[in-house]
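Engineer: All chains, full assembly: derive it from the sequences and hints.
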Amino acid sequence: MNKGVKQGYIYVFLSAILWGMLPVFTRLLYAAGSTPLEVSSVRAYLGAGMALLAMLFSGDIRKCRLKDVPFYMLYGTFAIAGAFLFYALSMRLLSTAMAAVLLYTGPAFVNIFNRILYKIPITPVKWTALVLTVAGCALVVRIYDLASLKVNAVGILIGLLSGICYSITTVMSRKAKEKYCGRMNGWLILILGTLPFWVISPPWRIPAPTPQQWVLFVGIAGCCSMIPYTVYLTALDGELDGGVASIVATAEPIAATLFGTIFFGDQLEKLQIAGIVVVIIGVIIPILSELSEQGGIGGSFAEKNSGGSTQKRRKSRYERENKEICGRTKFKNF
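Numbering (the working numbering), first residue to last: 3 to 336.
Hints listed in this document are in silico derivations from the structure and should not be mistaken for laboratory results. There's no promise every hint is true.
Said to hold, decoys possible - Here are the in silico distance ranges between beta carbons for each label pair:
| hint | residue 1 | residue 2 | range |
| --- | --- | --- | --- |
| 1 | Q269 | L151 | 13 to 21 Å |
| 2 | P205 | G61 | 26 to 34 Å |
| 3 | V133 | E241 | 22 to 30 Å |
Glycine is no exception: its CB is placed at the ideal position from the N, C-alpha and C atoms.
Structural biologist: Written as structure tokens, this is what we have:
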């Protein structure tokens, strides 16, 4: 496994941990009187503001091309507005556990769309990892608690739409990295992804937040939007397989559950612990598979006989074509 892919995995794990902080902020904001739509809207607006400031201070805004705006409007509408809004709506129509499980169908849609659009095969390893991670996520969010389970057809449809939109972040990144580097892709979708919110929940209709809510809103925008989207799309700049990356990102509910234990004293049940173990196994399987294929553990026979030529030939599209867009190597500057 080359250095870029290893760094990519680290970045995906970091993104998952930061996204796992989302329930911490939302629970505190809901307790402070905010509604799911208000939380989604303000998170989007503040995340866009942070991204715009980052583009201004880094000078990257001068590198944007007007012809790319329609692409990023479409990308941001699905990946940001769609994911935020459909997830918030599904939580109103379904139980929190069911909404979370449907959101985490995202990796399955990533692999399906990658197969349809880019002809990337869904290997047995990926199928195994998908089944394990989805099943593990279901246990982690306590899908087995039938007393709190609320299900209806419309809610399930909207929940699946949240999973589809969640997957778009990864699926469209394959085209986006032909245009700009990861950090710019993250910033652009955050900025242009707010456009639907100006129609659905314009800023002037949102009640003025209290000082406590402002602190939480800034935290959720920075820790759960600005930083993780930038880091995650930077990870996808190189050769890291998007389908595998989305599976690895399912470490998010593990982080969320552990944060709940730390900040709110939530008690972990035995089945939740079992779910955490299952997710970890599902995440590790494709990583170990890649290590085995590339000779990452002790070196494979093929690599020894080829002199590592395959690794040398593998250069990301960003390294070959887009160095001038972001100025430095893809993992050193985001």
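Engineer: Now tell me if each hint is right for this structure.
Structural biologist: Here's how the hints hold up against the structure:
Between Q269 and L151 the CB atoms are about 19 Å apart, so this pair conforms to the stated range of 13 to 21 Å. For P205 and G61, the hinted distance range of 26 to 34 Å is satisfied, since their beta carbons lie about 27 Å from each other. Under the hint 22 to 30 Å, the C-beta atoms of V133 and E241, about 25 Å apart, fit the expected range.
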